Amino acid sequence: MSYLDKASLKVVGSRPIRPDGVDKVTGRANFGADMALPGMLWGKVKRSPHAHARILSINTDKAMKLPGVKAVVTRADFPDVPPDRAYIGEAPANLRDMSRNVMADGKVLYEGHALAAVAATDPSIAEEAVDLIEVEYEVLPHVIDVDEAMKDDAPLVQDGLFTAGVEPKPTKPSNIAKRVRFTKGDVAAGFAEAEIVVERKYTTKPVHQAYIEPHACVVSVGADAQTTIWSSSQGQFMVRGYTSRIVGADIASIRAMPAEIGGGFGGKTIVYLEPLAYMLSKKSGRPVKMVMSREEVFRASGPTSGAAMEIKLGAMKDGRIVAAQAILKYQAGAFPGSPVNQGAMCAFASYDLPNVDVIGYDVLSNRPKTAAYRAPGSPIAAYGVESCVDELAGELGIEPLRLREINAAKEGTKAAHGPTWTNIGYQKTLEAARDSAHYKTKLGPNQGRGIASGFWFNAGGDSSAAVHINEDGTVSVMCGHPDIGGSRASMALMVAEVLGVPYDQVRPVIGDTSAIGFSAVTGGSRVTFAGGTAVTRAAEAVVEVLKKRAATIWDISPEAVEWTDGKAVPAGANAGSFEPLDLVAIAAKSTRTGGPISAEIQVNAQGPGPGFATHICDVEVDRETGHVKVLRYTAIQDVGRAIHPAYVEGQMQGGVAQGVGWALNEEYIYDKDGRLENAGFLDYRVPVASDMPMIDTIMIEVPNPRHPFGARGVGEVPIVPPMAAVANAIADAVGTRMRDLPMSPPKLRAALDEQQPRLAAE
Amino acid sequence: MSKHHVTTTINGEPTEYLCEAQQTMLDVLRDELGLTGSKEGCSSGDCGACTIILDGSIVCSCLMLGVEAEGRTVQTIEGIADGEKLHPVQQKFLEHAALQCGFCTPGLIVAAKALLDTTLNPTEEEARYWLAGNLCRCTGYDKVLRAVMDAAAEMRGEASA
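Sequences listed follow chains D and X, in order. Count the first sequence with the numbering used here and you get residues 150 to 911, in order. Count the second sequence with the numbering used here and you get residues 2 to 162, in order.
If a hint is listed, it holds; no wrong ones were tucked in.
Computed from the model, here is a short list of chain D residues facing chain X with C-beta under 10 Å:
hint: 1; residue: Ile166
hint: 2; residue: Arg167
hint: 3; residue: Gly170
hint: 4; residue: Ala185
hint: 5; residue: Pro272
hint: 6; residue: Gly412
hint: 7; residue: Phe414
hint: 8; residue: Val446
hint: 9; residue: Ala795
hint: 10; residue: Gly803
hint: 11; residue: Ser839
Don't read these hints as lab results, they were simulated from the structure. All of these numbers come straight from a predicted model, not from anything done at the bench. By construction, the Cβ of each residue, glycine as well, lies at the ideal position given by its N, Cα and C atoms.
This is chain X alone, in the form it adopts within the complex (with noise of 0.2 Å):
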């Protein structure tokens, strides 16, 4: 089976890589980069886990094709916070215990982040409708919802609820 050669953006990094065809996204990042935060649940774009941010848009990265991020811009968990700076969203996270196992939290932060740079205004039920694509077993939804409205009202200037 000869590989292919794919150029493409992780994280802000160009990067250059060989993954077979029927590799997917999530076996790339995961097998071939290294990048293990970003979790398989179910590989068929179901739990969220895998969830990545691809040219501005969440994509499950188990329904992707590794090939097909040549000459695009990837982010995943791992390029999240700048550096020891956390996004607020990883923050409020943690501020609120928004997580207990932790394996659905990768996805859903940064299913969280793409929303908050969607709009920093959300009302609870679009935050509900955004997330939705992420399971979370452990948490009823509850902290992870006040989480993300209180890192967009702390994104919004005003002072945390």
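With the rest of the complex left out, here is chain D (with noise of 0.2 Å):
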């Protein structure tokens, strides 16, 4: 069935309070972290001083004679993952390289890199126990720099190690682990046509996820192998999966139970520490806990890409865009894949373009290995393309908005990677920016306005969902997917709303991996939509035998029963005059009537829909210090439909935050020696309450026709248009334009004096 009528809906679109919510204000929600077992020890890593170096050798004496030491483990207790067995089943993760970056394997890497790790009776003993191992380097040359690690001579990472994509194949290893490619019409001839053409280069730094709840795990393995982990991931499935092939153990033999997650951002779609705990329990024969300190996330976990970027737009003097062409050059860290590719896919994506030609490069350098983070690779390209388009309508002296609104991509576009349109609601976004009330208010001196828009796929794929009518005629649901954001409350409504219920008689529970069918990670904000999906048609098959069952009470065929509001009713006249019976009396009786209700269903969702999103941003400068203050900021984005608007509008001003970080402060930043210098809260600093206004948020609901209730990702695609709605504001301020990440108080201070000579000769 579908409910994309608007009108028809009872429960979904209102904002009732999450399921979970009282134990997550109270303190009794359970995060990673909060687990305990008896007789449980406590696990420390071992990590890498160096940027790059051989391990010549690692002695575990001292660290095992400790007392209170109950194992040491380092790469020689894992097996190896061949590159045959590095992919399982459908999961996009290479559990090779994965292995060898929770554990070296012969060199380190990066600075944070495992080596070894210890479990012991208390955490001060462990740290000390990690202290006690030996371990001789050879300390290697190293490179940081993307464009440094692109060079002939530059220090090669990974040996043996050839560009993928390019023809002939390269017969000399390289820090380029791929080339991708995506084109469409002719580049060449459309730059030949074009009136006005604008180059530039853009470059962004690593930043990390900054999930506030650091990575923590407690594994058990018992003597016959059997394990149970508990542990705060984006998937317990993920977790339990990957942890099997690195530990080389059945699935089977693993049972993951799924913490609360105290956010994760795409950087919790991974393991580091689980495989680490299993075998410290596995030698130790106790559980095991292990919990990352802030410093090791920043230096062993995430982040996403810093990149360089070469972008050119050509365009004639009405505005139409001819031509466009980027370069664009990704971070991978230590192993192969950067998100080049969807940053290479997404950079045109918003534009009705007839000449596209863009380069990806996957670039390897020695940084911790990048892991996903919202909309992975699309907010860096769209940082280089959306400041490039207003750079482009300063040329032409059109209005950003209005350069937006001639080149946006429409109903029936083809875009450069592949996918025509269709139930797009991006000109729409470009409609309510021009229509709000921020956009027509005046600006005062050094204050700026920056539009910028931004494209996400969103995801689809494998999910499960049961649900279950209780004895007493309440609904339990259970959903394979962990609540990162509120999603137990959207599973809830979408279900009370096909069975007809109050919210309130819906309880959605996270199950484990012995609870529930497979079900991808929380990721590619893809829950709502394959989630719920599940869920939704779960409650279908339930209303069917609900159907049955009152039929079997009538004593009149199935056929003959309808399910309204919440209750069966005869189809009728014909099929007889009985009571309506709602779920109490028709579970009461379920014994009698073939026995316990319930549905479980499994989807491979397909059709996420894509989502489009505006952002404008006023800023003001302070032209002294360089400071950059947000004063207003509107995300607008087509949302499909919105199932619980208040979790939706959060997942918007959150990607808005975190953009806002990503262009005013967020950086990596590396001493020569390759060590990084930022990695705590205080100098890797996110954006606070104080820097932050309100943020406004409207909802375009243009329903994709792929879900039962019309909605579409929605967590992503808020992260992409900030940095450039922020720089565009910059420009717009000051007339300074910020082509490097993050646009810092110095960067843009400097930025300004340099200015001021070529004002003060004007």
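Put the two chains together into one complex, using the hints given.
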């Protein structure tokens, strides 16, 4: 069934209190580090102090002799993951690389790379033991910068890596793992035709997801190898699958319990600690708890790529963009796998362009392996492209919003990476921007306004859900996805709508890997889409069972029963005359009518519906200090259908704040030895409450026909436009174009100083 | 290592515990007393997830030693509600959807409660600066500020916004 008609909805679209809310405002909710078991040990990790070094020897004798130490593990304790076993199911992660990332194999590839782990009866003993592990290194030359890493004579991070995606196959190894290319039309002809060409370079630094909860787990391996893992992650099935392959265990031997998750933003779609805790528990015969410090989170998990980009746009004087070219060089960290492929696909996806050529490079350097971060790859490309579009608007003398209106992707536009758009709301976001109260307000001195747009694919895929009618007529819903931002509420709303019962009668639970069928990660903005499709279909299946039970009670044909407003009723006069039966009445007779009333559904959800957003940002620049204050911000987005509008707004607002941090302050800073200098929240400064204004949201609803309620993913695209929106606002305020992120006070101040003589001369 | 005996008051209850000299108040709360509502996000006093109220002032419990609680009065997130009755700040966080993952929420609620213990008439800017020591990566602070300002209004006896 479809529920696309908004007017017919009774509970979907309302804003009830989330089912797990009270637990989370009273401290009852259990996150990863809150778990404790009798006899539990504490694990700690020995990490490399060098950016790049060969491990000559590891001596663990002294550590093992320390009283209280129960186990030490190194690479020697882990099975090799051969290339033909690098993938499990159709999960995207390369588990051979992940294995060597969670425990270094022969070489340490970045500062913070794990090379041994200890379990002891007390965390302070474990720390002391880590210091007693003796490691001999041969320090190797390292490389941090992406352009340096691409040079012929750069130190090689991985041995024997040949660039994929180039013909003929290279004969010399390099740090370039992959080259990707997306083309449409004839870009050379487009530039030849263009009346104005703008070509610029932009750079960004790696930034961390900076979830407030550090990675944490407890692992208990039995003598029969049967294992339970409690951990905070974006997917209990991901934890189970990845850990199993890295430690060499069968999936069926592992039960993964999803703790509440304290933020992830993509950074918890992989494992770091679980395989180490597994091996320590296996060796010691006791449960092992591991929790990263904040410093470890910065040095050894995440971040997303920094990048160097060359963007070139050619346009006619009337504003039509006739050619667009981008070269994107993304840092992957020490193993292949930057999100450059996604960045290359997203770069020009908001535009209807005849000629496009995008080339992307996935480049290794001696940095931590990048992890997914909210719309991976797209925000970086959007910073370049949306800044360049603004610069083009300046050259053309056309209002930036107007330039986007002229070139906007619309129904039927074929994107360079393949799809032809249908049911997209991008133009509506531009209309809403123009019509907004924000866009009409006047600005003061040193104030400016920036516009930027963004695109994200959104994801679908594998999800499971079960709906159970309890003996008293209440409803339990089992979901397979960790609730990272209110998804329990959305699931309960959809089930309540289908069953026709009050929201409070429906209780959603996140199931462990033994309680519900396989479900892919909470990521890719996929939970409300794919998980929502699964719970809706499960609720519909339960309605069919309920109708049959009513038919049995009434002794009529099931086809003669309808389900209306939470009750079984006879379909018409011919069906007979019976009092309606609600869930309580049917549940009370379930044993006599066929047994428990439940349905579990598995889906592979397709057609997640692309997400488009347009943001308006006002800033004020302090010319003395280079400080930028965000005065006002409006995020406009096609959300398909807002199932729980408050949590949709929350996604939009949160993405904006992370984007503002990325724009103005956040960056990984390295010293000359390749060591991270700002591995803490004091020096890696994320936005605080006093940095931000209220964030206005405008939700456009172009229903996604592939979801029962029309939902499309909403969590990721909000982080795509902000960096360019802020940069464009700064340029509008003071005439200074910032082409290198972050646009921190010292850098803006220097740029303003450089500009002063020119202004004086004018 | 000999342990220290500490006598203190936590959430209104006279409490005694043994702790090591180097254990932080946060370690004691979480690992010795089982009060895991206070969270560890950084252990350097930068994120505020471990915020408690010590003799009326907000403190990062990761920057305080367990032995320093001797003779003091401590309030944690577990002691903010009055039994089944939520504090207005907690209730308004729920109504305004002012949490997403919920990890920073205990610290934010403790800090906001302490603000409203101090004044029921904070301006939005005062509230923003008061809460500037509590990092939230999910919400962008918009709904958090709305919840806090609405709780203040309710506690002033004004109709809910």
